[in-house]
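Trainee: Sequence:
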Amino acid sequence: MSAADLHTLTGAYAVDALDGPEREEFERHLAVCAPCREEARELTATAARLGLAASAAPPPGMREEVLRRVAAVRQEPPRARPPAGSPGGAGGAGGGTGRLRRLPRLALAASVASALALGGVAAWQYERARDARQLAEQARQRADELTRLLAAPDARLAAGELPGGGSATVVVSRSRDRAAFLASRLPEPPAGKVYQLWFDDDGAMRPAGVVKASDGRAAVVMDGPVAGADGMGVTVEPEGGSAQPTSEPLAVMEFPAA
Numbered sequence: 001m002s003a004a005d006l007h008t009l010t011g012a013y014a015v016d017a018l019d020g021p022e023r024e025e026f027e028r029h030l031a032v033c034a035p036c037r038e039e040a041r042e043l044t045a046t047a048a049r050l051g052l053a054a055s056a057a058p059p060p061g062m063r064e065e066v067l068r069r070v071a072a073v074r075q076e077p078p079r080a081r082p083p084a085g086s087p088g089g090a091g092g093a094g095g096g097t098g099r100l101r102r103l104p105r106l107a108l109a110a111s112v113a114s115a116l117a118l119g120g121v122a123a124w125q126y127e128r129a130r131d132a133r134q135l136a137e138q139a140r141q142r143a144d145e146l147t148r149l150l151a152a153p154d155a156r157l158a159a160g161e162l163p164g165g166g167s168a169t170v171v172v173s174r175s176r177d178r179a180a181f182l183a184s185r186l187p188e189p190p191a192g193k194v195y196q197l198w199f200d201d202d203g204a205m206r207p208a209g210v211v212k213a214s215d216g217r218a219a220v221v222m223d224g225p226v227a228g229a230d231g232m233g234v235t236v237e238p239e240g241g242s243a244q245p246t247s248e249p250l251a252v253m254e255f256p257a258a
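Take the sequence shown: its letters are residues 1 to 258, numbered as in full-length UniProt numbering.
Worth flagging that the hints you see were computed from the coordinates, not collected in a lab. Mixed in with the good hints there might be a few duds.
As the list claims (entries may be wrong) - List time: in silico SDA-like cross-link candidates among lysine to any residue, alpha-carbon distance up to 20 Å:
id: 1; residue 1: Lys212; residue 2: Ser175
id: 2; residue 1: Lys193; residue 2: Glu239
id: 3; residue 1: Lys193; residue 2: Arg174
id: 4; residue 1: Lys193; residue 2: Ser175
id: 5; residue 1: Lys193; residue 2: Glu248
Said to hold, decoys possible - Quick list of simulated restraints, FRET-style, between CB atoms:
id: 6; residue 1: Ala17; residue 2: Val252; range: 43 to 49 Å
id: 7; residue 1: Gly228; residue 2: Pro187; range: 53 to 59 Å
id: 8; residue 1: Arg133; residue 2: Arg185; range: 18 to 24 Å
id: 9; residue 1: Gly164; residue 2: Asp144; range: 28 to 34 Å
id: 10; residue 1: Asp19; residue 2: Ser184; range: 37 to 43 Å
id: 11; residue 1: Glu27; residue 2: Ala257; range: 43 to 49 Å
id: 12; residue 1: Pro245; residue 2: Ala191; range: 17 to 23 Å
id: 13; residue 1: Pro245; residue 2: Arg28; range: 53 to 59 Å
id: 14; residue 1: Val32; residue 2: Ala257; range: 28 to 34 Å
No experiment lies behind these values; they were computed from the predicted model shown. Note that the Cβ used here is the ideal one computed from N, Cα and C, for glycine as well.
Taking the hints into account, I'd like the entire structure generated from these sequences.
Mentor: Pasting the structure below:
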């Protein structure tokens with residue numbers, strides 16, 4: 001592969017679209033090409049941010065609304081072309097404005113309706129993009145908090161089993177006064193139900209947030225401080241969570257000693 005070809009592969013490299021030999025050759029090229037290194041770094045960061053963005057479908061009824069607006073405009077019959085040389089004719093002084101006046105109202109109305117609809121879509125897309133950025137920032141903050149907790153010098157863990165062959169781990173840091181819950185092979189809860197975490201404060205259960213699993217995996221920092229708790233539990237609760245457990249715990253784990 002020529003050097004010119006290699007310069008074009010930064011985008012494919014950033015999204016992991018190169019096969020093994022291509023990737024190895026391109027990485028050898030990166031070692032000697034500073035501009036490609038910088039471009040690949042920037043594109044990789046952008047791809048990672050895009051991966052956090054929430055996909056969105058158009059608002060319900062948008063297409064039908066545009067078509068309704070167009071269909072509501074009455075189309076006028078075509079007008080006879082004025083003779084050449086007459087006012088408004090091809091050779092007349094008003095030829096340019098005459099052509100504008102002859103623009104079918106349906107086309108004009110359709111253009112206006114489309115512009116209005118596109119304006120609405122643009123505003124909606126801006127709002128969704130803003131919401132996606134906020135969600136991405138919240139996800140980044142949660143990930144940073146989890147990383148700091150797992151890296152705490154006094155982090156201790158305890159493991160347990162979940163029904164159906166799943167496993168759960170709780171990580172506790174007394175210095176950070178926080179705990180994290182990690183699970184694998186976590187089955188989907190029944191419809192209208194969620195998994196809820198609890199701190200066990202000497203027999204009194206304190207809500208610690210709900211769990212949303214992805215492909216059976218979950219990793220969340222529990223809501224609230226660890227202080228006063230000697231363990232935690234997991235229950236199935238109505239969507240939105242409960243103030244107190246309403247079902248038998250799926251798992252109960254004691255916190256490891258400090």
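Trainee: Using the C-beta atoms of Glu27 and Ala257, is the stated range 43 to 49 Å upheld?
Mentor: Given range 43 to 49 Å: holds, Cβ gap about 46 Å.
Trainee: Is the gap between the beta carbons of Asp19 and Ser184 within 37 to 43 Å?
Mentor: violated (30 Å)
Trainee: At the C-beta level, are Arg133 and Arg185 separated by a distance inside 18 to 24 Å?
Mentor: violated (33 Å)
Trainee: Is it true that Pro245 and Arg28 lie within 53 to 59 Å of each other by Cβ?
Mentor: holds (58 Å)
Trainee: Take a quick look at whether Lys212 and Ser175 sit within 20 Å of each other, Cα to Cα.
Mentor: violated (27 Å)
Trainee: Take the C-alpha atoms of Lys193 and Glu248, compute the straight-line distance between them, and say whether it is at most 20 Å.
Mentor: Between Lys193 and Glu248 the Cα gap is close to 14 Å, so the pair holds against 20 Å.
Trainee: Using the C-beta atoms of Val32 and Ala257, is the stated range 28 to 34 Å upheld?
Mentor: Given range 28 to 34 Å: violated, Cβ gap about 53 Å.
Trainee: Compare the distance between the alpha carbons of Lys193 and Arg174 with 20 Å, and conclude whether the hinted pair is satisfied.
Mentor: violated (31 Å)
Trainee: Checking one constraint from the list: CA of Lys193 to CA of Glu239, max 20 Å. Satisfied?
Mentor: holds (5 Å)
Trainee: Indicate whether the distance between the beta carbons of Gly164 and Asp144 respects the range 28 to 34 Å.
Mentor: holds (31 Å)
Trainee: Does the Cβ distance between Gly228 and Pro187 fall inside 53 to 59 Å?
Mentor: Violated: the Cβ-Cβ distance is about 31 Å, outside 53 to 59 Å.
Trainee: Taking the beta carbons of Ala17 and Val252, is their distance inside 43 to 49 Å?
Mentor: holds (46 Å)
The structure fails to meet hints 1, 3, 4, 7, 8, 10, 14 from the earlier list, while all remaining hints are met.
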